[in-house]
Amino acid sequence: MWQWFFRLGSPKWFYEMSGKWLPWLLVLMTVLMSVGILWALLFVPQDYQQGDTIRIMYVHVPVASISLACFPLMAVAGVITLVWKMKLADMVAKCAAPIGAWFTAVALATGAIWGQPIWGTWWAWDARLTSMLIQFFLLIGVIALRSAIESPDAAAKACALLAIVGAINVPIIKYSVEWWNTLHQPSSDFSMDENSAFGPEIWVPLVIMIFAVYIFFVISLILSTRNEILQRERRSQWVVDIVAKEQV
Amino acid sequence: MSDTANTVNISQPQGRAPLAQVSTFSAFKATLKRDLLIALKRRNDLLNPLMFFLIVVSLFPLGVSSDPQELTRIAAGAVWVSALLASMLSLDNLFRADYEDGSLEQLLLSPQPLYFMVLAKNISHWLISGLPVVLLSPLLAYMLYLPADAYWTLVLTLLLGTPVLSLFGAIGVALTVGLGSRGLILAVIVLPLTVPVLIIGAKAVVDASLGVPLGMHYALLGALLALSLSLAPLASAAALKISVN
Amino acid sequence: MFEQIQFNSVAEFLQMGKYTFHVWSVYGLFSIFIFVNLFLPRVQRRQFIREQRNRALRDAQLAKNTAVEQERESASEESS
Numbered sequence: 001m002w003q004w005f006f007r008l009g010s011p012k013w014f015y016e017m018s019g020k021w022l023p024w025l026l027v028l029m030t031v032l033m034s035v036g037i038l039w040a041l042l043f044v045p046q047d048y049q050q051g052d053t054i055r056i057m058y059v060h061v062p063v064a065s066i067s068l069a070c071f072p073l074m075a076v077a078g079v080i081t082l083v084w085k086m087k088l089a090d091m092v093a094k095c096a097a098p099i100g101a102w103f104t105a106v107a108l109a110t111g112a113i114w115g116q117p118i119w120g121t122w123w124a125w126d127a128r129l130t131s132m133l134i135q136f137f138l139l140i141g142v143i144a145l146r147s148a149i150e151s152p153d154a155a156a157k158a159c160a161l162l163a164i165v166g167a168i169n170v171p172i173i174k175y176s177v178e179w180w181n182t183l184h185q186p187s188s189d190f191s192m193d194e195n196s197a198f199g200p201e202i203w204v205p206l207v208i209m210i211f212a213v214y215i216f217f218v219i220s221l222i223l224s225t226r227n228e229i230l231q232r233e234r235r236s237q238w239v240v241d242i243v244a245k246e247q248v
Numbered sequence: 249m250s251d252t253a254n255t256v257n258i259s260q261p262q263g264r265a266p267l268a269q270v271s272t273f274s275a276f277k278a279t280l281k282r283d284l285l286i287a288l289k290r291r292n293d294l295l296n297p298l299m300f301f302l303i304v305v306s307l308f309p310l311g312v313s314s315d316p317q318e319l320t321r322i323a324a325g326a327v328w329v330s331a332l333l334a335s336m337l338s339l340d341n342l343f344r345a346d347y348e349d350g351s352l353e354q355l356l357l358s359p360q361p362l363y364f365m366v367l368a369k370n371i372s373h374w375l376i377s378g379l380p381v382v383l384l385s386p387l388l389a390y391m392l393y394l395p396a397d398a399y400w401t402l403v404l405t406l407l408l409g410t411p412v413l414s415l416f417g418a419i420g421v422a423l424t425v426g427l428g429s430r431g432l433i434l435a436v437i438v439l440p441l442t443v444p445v446l447i448i449g450a451k452a453v454v455d456a457s458l459g460v461p462l463g464m465h466y467a468l469l470g471a472l473l474a475l476s477l478s479l480a481p482l483a484s485a486a487a488l489k490i491s492v493n
Numbered sequence: 494m495f496e497q498i499q500f501n502s503v504a505e506f507l508q509m510g511k512y513t514f515h516v517w518s519v520y521g522l523f524s525i526f527i528f529v530n531l532f533l534p535r536v537q538r539r540q541f542i543r544e545q546r547n548r549a550l551r552d553a554q555l556a557k558n559t560a561v562e563q564e565r566e567s568a569s570e571e572s573s
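Residue numbers (my numbering), protein chains in the order written: chain A, 1 to 248; chain B, 249 to 493; chain C, 494 to 573.
With a straight-line Cα cutoff of 30 angstroms, these simulated DSBU-like cross-link-like pairs (lysine-lysine) come out:
#: 1; chain 1: B; residue 1: LYS277; chain 2: B; residue 2: LYS289
#: 2; chain 1: A; residue 1: LYS87; chain 2: A; residue 2: LYS12
#: 3; chain 1: A; residue 1: LYS87; chain 2: B; residue 2: LYS489
#: 4; chain 1: A; residue 1: LYS12; chain 2: A; residue 2: LYS245
#: 5; chain 1: A; residue 1: LYS12; chain 2: A; residue 2: LYS85
#: 6; chain 1: C; residue 1: LYS557; chain 2: A; residue 2: LYS245
#: 7; chain 1: A; residue 1: LYS245; chain 2: A; residue 2: LYS87
#: 8; chain 1: B; residue 1: LYS281; chain 2: B; residue 2: LYS489
#: 9; chain 1: B; residue 1: LYS489; chain 2: A; residue 2: LYS85
Okay, the calculated bits of chain A under chain B, using three or more residues with CB under 8 angstroms as the criterion:
#: 10; region: 125-138
#: 11; region: 144-158
#: 12; region: 162-171
Think of the hints as simulated: they come from the structure by calculation, not from any bench. Please read these numbers as outputs of a predicted model, since none were measured by experiment. We treat Cβ as the ideally placed atom computed from N, Cα and C, and that holds for glycine.
Turn these sequences into a full structure, and let the hints steer you where they fit.
And the structure:
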């Protein structure tokens, strides 16, 4: 039963398999994203309150929800790194941090743009935006720690530990920020996900976009992990063969 | 400094009992005592966090306004943020001297559970650098015109909160102890982790002056303290093992 | 579910009600984000392969040079 698990840990195997998956994932992403974006831009009815800004939701909500998946992913990879010393898990964790920081930054930016017409200001200390901002800081911390430690082995373990500590902290931060915010100022009459009140013509394209952005996340994670594998295994024969064969 | 370290070093039980038979509790006590003794010999380490705290708090009136009403509004947050920064600044000497003179390695090799050793170091560090800050805070709160009802809350929340800051900070220190330039990276790693403590602590002080019941605030701070007391030394111990190689 | 397209003309679509800037800047940002994240790894990969090839070439050149030198040395030793 554990065999597949350890085979997955072999960078070479992952490199070969991900090479086979990538075209399919790209096709799937393109189809889903075209459908989702066209649907969101053309067919979704205007909101009676927000007008056309409702279309921003179809970018903001998927990006934000996937950026939340980043810390759990890094923590799981961290546990695997610390317990089974699997090299691949560390490579994935290393690549996930900057991608997660990008997703968080885009979620913050789109949230600010969406918030402007509703709150009348680009930045509000809204509970979601604030906890997103702090998650961004945490990710920057992991990236900074990685670049500060020279030995790759020690960096892998240290970042794994920090990711686990961070993942335990993220829900605590989220709840404390929400608690602070709800008592601090009256909650705005607009909330960003009142899914319950939405009909299918609103949420079906949203689900499609969430899947599309999820696949996009997986693709970019695979792409940068493959580069990381090549970099770290550059002395082994199979990488030398790839380098010799590839057209540049 | 190093001779004081040797006189009470737990790795030299002075012919009483073989090292492995030293009970965890007496090793805990010995580590605590040693760290306190060393810290008491180095007055600067005692004074610097306090001076820093004092200076940062007095920057707020200079930067914001000298108007008592405005200062009253920011007093709780200003004192809490300054205490947070002061405890962050003093973190650096938590494992550092021990790392440099090699006694940290001795600690890692000792047969006693590392959790209690790290906890002892944390406690002594808090007694040296956290507690004075807590004790000084009412005076600084007075300088910022904190409402009179909030003094006890300020001291109590700091008393519950600063150990959590120390415990979280220790993880960051342990991760970066072997690095050349640690100052900024330590802050970048640790500050986001301390957000919940700051939020709850500062809010409790504000709510105290508004007359809001505070049971929830203390319960949350207590929960954070219990959680970090039980888990943070484990993480610090693991981090020390990674850093010291 | 597809009731109808919500806009009567292309101009209306591009205008997005009152929120031209908000809607289009979000979608613009999103497309840049996707583009960068898919193409940056590609650039890095090419760079890596180029570097490795140059290194291999350099190593081969170095090996050749030392071999030539060694030959010359042994030849001069024989002649002396």
